[in-house]
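Put the complex together from the two separate chains, hints included.
Residue-level listing of the chains:
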Amino acid sequence: MDAKEFIAKRTAKFFKDGDLVNLGIGMPTKCMAYINPDYEVWFQSENGVIGMTGAPKEGDVIDPDIVDAGGAPTGIRNGGCCFSSFTSFGYIRGGHVDYTVLGAYEVDQNGNLANWMIPGKAAAGMGGAMDLVTGAKCTIVMTLHCDKTGKSKIVRETKLPLTGVGVVDYVVTEKCVFHFTKEGMVLEELAPGETVEGILAITPCDIIVPETVKSMED
Amino acid sequence: MEKCFDGMTVLLPGFVNCGVSETLIDGLMQKGIKDLKVISNNTSIKGQGIGRLVHDNRIKHITCSHIGNNTETVEKVVANEINITFVPQGSLCEKTRAGGAGIGGILTPTGVGTPMQDGKQLLEWDEEAGQYKFVSADDPIKGKRFILELPLHGDVCFIHAWKADKMGNVVYHRTARNFNEPFATAADWVICEAEEIVEVGELDPDIINTPGALVDMVVQARKVEG
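Chains W and R, in that order, are what the protein sequence lines are.
Heads up: the first sequence begins at 1 in the working numbering, then just goes up one per residue.
Heads up: the second sequence begins at 1 in the working numbering, then just goes up one per residue.
Worth flagging that the hints you see were computed from the coordinates, not collected in a lab.
A few of these clues could be false.
Listed next, the in silico DSSO-like pairs over lysine-lysine satisfying Cα-Cα at most 30 Å (straight line) [what the hints assert, rightly or not]:
#1 R:LYS223 <-> W:LYS57
#2 W:LYS9 <-> W:LYS182
#3 W:LYS137 <-> R:LYS144
Computed Cβ-Cβ distance ranges for the label pairs, DEER-style [unchecked claim]:
#4 W:GLY166 <-> R:ASP118: 13 to 21 Å
#5 R:GLU124 <-> W:PRO210: 30 to 38 Å
#6 W:ALA33 <-> R:LYS3: 43 to 51 Å
#7 W:TYR39 <-> R:GLY7: 51 to 59 Å
#8 W:CYS81 <-> R:THR85: 27 to 35 Å
#9 W:LYS121 <-> R:LYS223: 32 to 40 Å
#10 W:GLY18 <-> R:LYS166: 40 to 48 Å
#11 R:GLU128 <-> W:ALA55: 49 to 57 Å
#12 W:GLY184 <-> R:GLU127: 20 to 28 Å
#13 R:ASP118 <-> W:TYR39: 39 to 47 Å
#14 R:VAL224 <-> W:GLY198: 50 to 58 Å
#15 W:PRO210 <-> R:LYS142: 26 to 34 Å
#16 R:GLY105 <-> W:CYS81: 27 to 35 Å
#17 W:ASN110 <-> R:GLU127: 20 to 28 Å
Using N, Cα and C, we set each Cβ at its ideal position, and we do this for glycine too.
Just chain R, same shape as in the assembly (with noise of 0.2 Å):
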């Protein structure tokens, strides 16, 4: 933990509940650290994963696609508590991913004559010139639209892995690999939590999701229970 500090953004990958760093997050909670700016996708369910940090107050700002599955974290954005900025999910994980690839941004079609499109730059390909054009939202429509999304890159990043080697290679299980994997390469520090710790060698290097190049350090994931 000695790598967090208070305002800073982290990127805390899951779906709901699975694949949440749970002990990582409790590291958070024992610190003390508060005033994040979380990127995530959702916000878990109400006492769980992100939704403690949620319940604690320690969130300013958030990043995500849907809050939906946790009724506390809409009422403390209803009453200010927290301030949001919604981001369509493959715009998420778009948007990481230019954070952690190295890319000015993206152009995507989603969310274009949307409030998605609202303080963002809109280009227009331009069949004839063979080039995009940045238009406003009132131009008259000439081609197909794109918004330029730009990239998200985090001060940390708590990923959840099924097997870790102790260099850091991880594999992830099942639906539970969802942002772990863009979300890990879009941080300057990188902590993995582990349900089960291997020596070097063990994982076949074919399956392994995120290699321990891109990983700082890993610890040993406490049982969740189900």
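Isolated chain W (complex conformation) (with noise of 0.2 Å):
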């Protein structure tokens, strides 16, 4: 299975029934494919839609009215509703979402997220990204482990401008999944081949290994 599917099918089992949930733009919208289909999830969009479909499929009628958080068409579900971008973020920021899900230039062990800007280039903003991850129950990185030059995009400390303080309570990577505690930065799961030695020596951040570390797979 394709890196970036492997990562949205781990992150779709978060989601259990009746839950609200909010998936970024790019890799965080394939979690869609995944949901457990005796489940009832539902997507919000901070644009002002909960009950977010996913992209429209042959032979749907397009609603231009009917836009996703990156602008492309989507549709409503029976049961959906719409409302102001204002309402949207009231209950963003007052703790009405269950999981907000994003990508990251990088996570330090801390907990720390930093997505939306890269010092020297052009930053395109944060759009609704530091609401979400201040409001939201749950914050949920999904990101391959390394960037294209092989450094972890989990690390110690990170120096970019950040989108949130201590904000992120999980990092599902291809390779495993961080869940960030009171106590660290804990490795719960591991990509099958994946070992605890493999995964400690390409992340150079303190990580609590427990007795056991099922797999992502379970």
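Below you can see the structure in the form of structure tokens.
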């Protein structure tokens, strides 16, 4: 399985029946394909909708007034509803969203997230990310473990401008799952073929390794 | 367009291309209004909506949360042709709401510990004293912190309605509501373009999103090619 699809499949397992979930643009939207079919998971998009469906399928009628957080066409399921951006961010900051799922430039061992700006490069802006990580009950970062140069994106201390301080709860990569707890950063799960030693060798952080590390496929 | 002038602050709602007032932006383009100070969430896409104002160098400063959908805006910001102030999307909503609701500012946890707190007043909750106190970013953290965000207000706001009656009562459609509803409260002069203009009394009072009392003018929106 493609690494990004694998990350999406694992991330989707977090969501339980009735959860309200905000998926960031890009890789996080892939989670929609892996939701447990026995569960009703509700997708919120910060531009003002609960009950968002995925990208339109062939033959679907496209309504230009229904777009996702990237401005791309989407739909609204039965039982869904629309509201203003102001109301939407009230729900987000007010703690009514169960999970927010985003990408990252870097996450550090204290759960600090940097995902909106790299100094010296043109910044697109943070959009709703700062509000989402501040307000959601649980923040999950989906990312490839390393960047194109092979350097870990999970670092000891990020020097990049932050999106949020200590906001990350989980990082899901193609190699493992880290859980950020009060005690520190815990290696909770491993992908098939990965070893604890291998993860410790490529991830320059203080990592707590429990007695048993579960498989990401359990 | 008689209320529009060079250098005005204009609130332009919309989310990428959804709920953008294309017809009223036509008016700005035709009248040659320039040096705009724009408050918007983003700048549409290249060549459409707010992107047309970007392309034609009509914007001096923009306050927004995201420009990633429009490569031309990014280029012009990098070239210092447009000054930009990034504001987190939720804070942008609250700042305009404060501007439209007579509130002197808002306290938000969004952006604490990030570059968003730079140059702003920071407050910390003091549990013992039961009140907030002003702190600096470098002080040791003793309680939950909030950024004091100031209100935003504009000279003119262009809203895009699905239906409006001749009194200016407005109903938005689906996610095209987005920033139209909050921004409509925060300008001296609010112009509405509506896809359909109906007689007074045709809209159920319970479904009106923006009351006519806030809207100064209604014009027919042109059809936008999807």
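- Query: Against the structure shown, which of the earlier numbered hints fail to hold, in ascending order?
  - Reply: Failing hints: none at all.
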